[in-house]
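**Student:** Residues per chain, in single letters:
2 protein chains.
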Amino acid sequence: MTAKQFSCPVPMRDYPNIVLSHGGGGRLSAELIEHVFLPAFGKADGPLADSTALTLPAQRLAVSTDSFVVQPLFFPGGSIGDLAVNGTVNDLAMSGARAMYLTAGFILEEGLPLEQLVEIVADMARAARQASVSIIAGDTKVVERGHGDGCYINTTGIGILAPTCSIGIDRAAPGDVVLISGTIGDHAMAIMSVREGLEFEATIRSDTASLATMVHELLQACPDVRVLRDPTRGGLATTLNEIAMASKCGIEIVESDIPVDNVVRSACEILGLDPLLAANEGKLVAVVPAAQAQRALETLQQNDLGRSAAIIGRAIDDQHSLVVSRTMFGSRRIVPMPIGEQLPRIC
Amino acid sequence: MTAKQFSCPVPMRDYPNIVLSHGGGGRLSAELIEHVFLPAFGKADGPLADSTALTLPAQRLAVSTDSFVVQPLFFPGGSIGDLAVNGTVNDLAMSGARAMYLTAGFILEEGLPLEQLVEIVADMARAARQASVSIIAGDTKVVERGHGDGCYINTTGIGILAPTCSIGIDRAAPGDVVLISGTIGDHAMAIMSVREGLEFEATIRSDTASLATMVHELLQACPDVRVLRDPTRGGLATTLNEIAMASKCGIEIVESDIPVDNVVRSACEILGLDPLLAANEGKLVAVVPAAQAQRALETLQQNDLGRSAAIIGRAIDDQHSLVVSRTMFGSRRIVPMPIGEQLPRIC
Chain Z
0 MTAKQFSCPV
10 PMRDYPNIVL
20 SHGGGGRLSA
30 ELIEHVFLPA
40 FGKADGPLAD
50 STALTLPAQR
60 LAVSTDSFVV
70 QPLFFPGGSI
80 GDLAVNGTVN
90 DLAMSGARAM
100 YLTAGFILEE
110 GLPLEQLVEI
120 VADMARAARQ
130 ASVSIIAGDT
140 KVVERGHGDG
150 CYINTTGIGI
160 LAPTCSIGID
170 RAAPGDVVLI
180 SGTIGDHAMA
190 IMSVREGLEF
200 EATIRSDTAS
210 LATMVHELLQ
220 ACPDVRVLRD
230 PTRGGLATTL
240 NEIAMASKCG
250 IEIVESDIPV
260 DNVVRSACEI
270 LGLDPLLAAN
280 EGKLVAVVPA
290 AQAQRALETL
300 QQNDLGRSAA
310 IIGRAIDDQH
320 SLVVSRTMFG
330 SRRIVPMPIG
340 EQLPRIC
Chain U
0 MTAKQFSCPV
10 PMRDYPNIVL
20 SHGGGGRLSA
30 ELIEHVFLPA
40 FGKADGPLAD
50 STALTLPAQR
60 LAVSTDSFVV
70 QPLFFPGGSI
80 GDLAVNGTVN
90 DLAMSGARAM
100 YLTAGFILEE
110 GLPLEQLVEI
120 VADMARAARQ
130 ASVSIIAGDT
140 KVVERGHGDG
150 CYINTTGIGI
160 LAPTCSIGID
170 RAAPGDVVLI
180 SGTIGDHAMA
190 IMSVREGLEF
200 EATIRSDTAS
210 LATMVHELLQ
220 ACPDVRVLRD
230 PTRGGLATTL
240 NEIAMASKCG
250 IEIVESDIPV
260 DNVVRSACEI
270 LGLDPLLAAN
280 EGKLVAVVPA
290 AQAQRALETL
300 QQNDLGRSAA
310 IIGRAIDDQH
320 SLVVSRTMFG
330 SRRIVPMPIG
340 EQLPRIC
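Keeping their order, the protein sequence lines are chains Z and U.
According to numbering that gives the first Met the number 0, the stretch in the first sequence is residues 0 to 346, in order.
According to numbering that gives the first Met the number 0, the stretch in the second sequence is residues 0 to 346, in order.
Be a bit skeptical, because a hint or two may be false.
No copy labels: a pair is met if it fits in one copy or bridges any two.
[Said to hold, decoys possible] Each computed SDA-like pair below joins lysine to any residue, with the alpha-carbon atoms no more than 25 angstroms apart:
1) Lys247 - Leu37
2) Lys247 - Glu114
3) Lys247 - Ser265
4) Lys247 - Arg313
5) Lys247 - Arg97
6) Lys247 - Gln58
7) Lys247 - Pro38
8) Lys247 - Arg26
9) Lys247 - Ala289
10) Lys247 - Ala52
11) Lys247 - Glu33
Since the hints were derived computationally from the structure, they do not count as laboratory data.
Note that this is a predicted model, so its numbers are computed, not measured.
Turn these sequences into a full structure, and let the hints guide you.
**Tutor:** See the structure below:
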């Protein structure tokens, strides 16, 4: 659903746009909670308060926080609302934790159309249902026009770690096999196509999705997974460099084995961007012992989100912790850690 | 310490100001973490990852989230860094929970002087030490110049609820006594004095502080405390209205019994502001059974932060849940729930 198709159900006090008082803690703040947030996220038990009580069944928890500042707020395949939920759910999944609860902090810019906020919140609620997480606490601040960009969202997630889980970014060892769960660069190119007004033969859609179920299946099938990581900001190149540095090994990848959608590849060529550096929001990198690589690949491919999964390389002995790529022509090149992100405001 | 006195210890790659790549997830992001955040917040056990594992001793948790957008970033008595820690610690304390862990999400504006960020982070670290909380996970995004305001911070807190705690905003009952832990309006007037360039005979300082210890002492002395709430955005008037509405009772206050610092009162008069609506960042409202009111008052007054604590009114039978104030002249007026905050960007 796009913002244009959307009809706002709450003509609150005749304010069609966010005003400063929506963040003031008074009646307008209360109305925003009552008419926008509670209908989407559900009502807490008992009265609303500044904190929410939880009773958790296990004692080993994982916690992750992430702010989202993507521009534009809406893009093919999703919105800042989807990203804000899936991004934090995925960060928890990469540590082997099952996300249970999310908090949501909004920084709204004066003038944001209320119907856009309603739509973002609906996207968050849908993504939360799909990932089986509850949004349990929230906060809204409003900044003056020209001091924000419509909507920024912070989500913080709490998940439960399996007692036996021993995934870690420092656990890759020479001989291990590196997999990617699907095509790379889709999210970054979906955003760029909108920003640059590019049209291709097919619309490039963001891959934003919760990876929680796929991770669960993978860990069931291959309990010895060494590293899980989602290649978001900085793309696959950054993720592989982080793994190599933390694990004190090298990583060798075969560039032609990395799945890239043809339209995404064309877009990257037109814009002079490298798919290896392009952000993903629904993909994971897994490092597994060689003996479990085939099983891991098949498990990923059986999930809808992993149909294009591929083995893309392996960890090797290298005291310099370099990531090297073998090209289609047989040459080798170093894949450096980028200084920054090639595209700002991608998530 | 003010920003001017501060000398930045990290001339990182010769960038004295925040650039977009500091939020890109690549090398500059890593340097920000290594040179700014880790020295202040301490290094986690094991490698840095997108989520942090916790082992908690109890199963009943409280969770709270809050974003901070105060302008200016530095003011007499504190900074956005102090507020970001104390605000969330206090929200947890008001539910009867002891804050244990905080996450910190930064949205930085391109061009923010790095030394200001270092100072904000130092303030957060000091406030966290004082409140005995650990900052366990973080995230940094950078937005282009003109799309932020230097620095926005979200903190999310996890605390442990005492098993017997039964505080709730809906638990005030007719006959209960209402207390405030000290003078009101200090924070709002400290901010306003800076914004308006006002000078008084004495500098008005924000009251930003962790209320955790005072709450602990109060609950030890008066285990039947009904309601705890910190009157931040919207001030005392908003808090009392929220309590009255949630508890389905009225509240009658005696205006002359509410402590207001003389300089703050003058500032309010000059600016045409009502202290009852002015934000506080280190005060609490407590509603207690009448039999424990004197004990509660003495307990608050024994804490440095509560020396000016006072009994300011009581809950009464009122099906309309009104807050009424008796003035010095004996007349009664309704204290309405404000529509919004009289001052934007106060926290």
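**Student:** For which of the previously enumerated hints does the structure constitute a violation, in increasing order of number?
**Tutor:** 2, 3, 5 and 6
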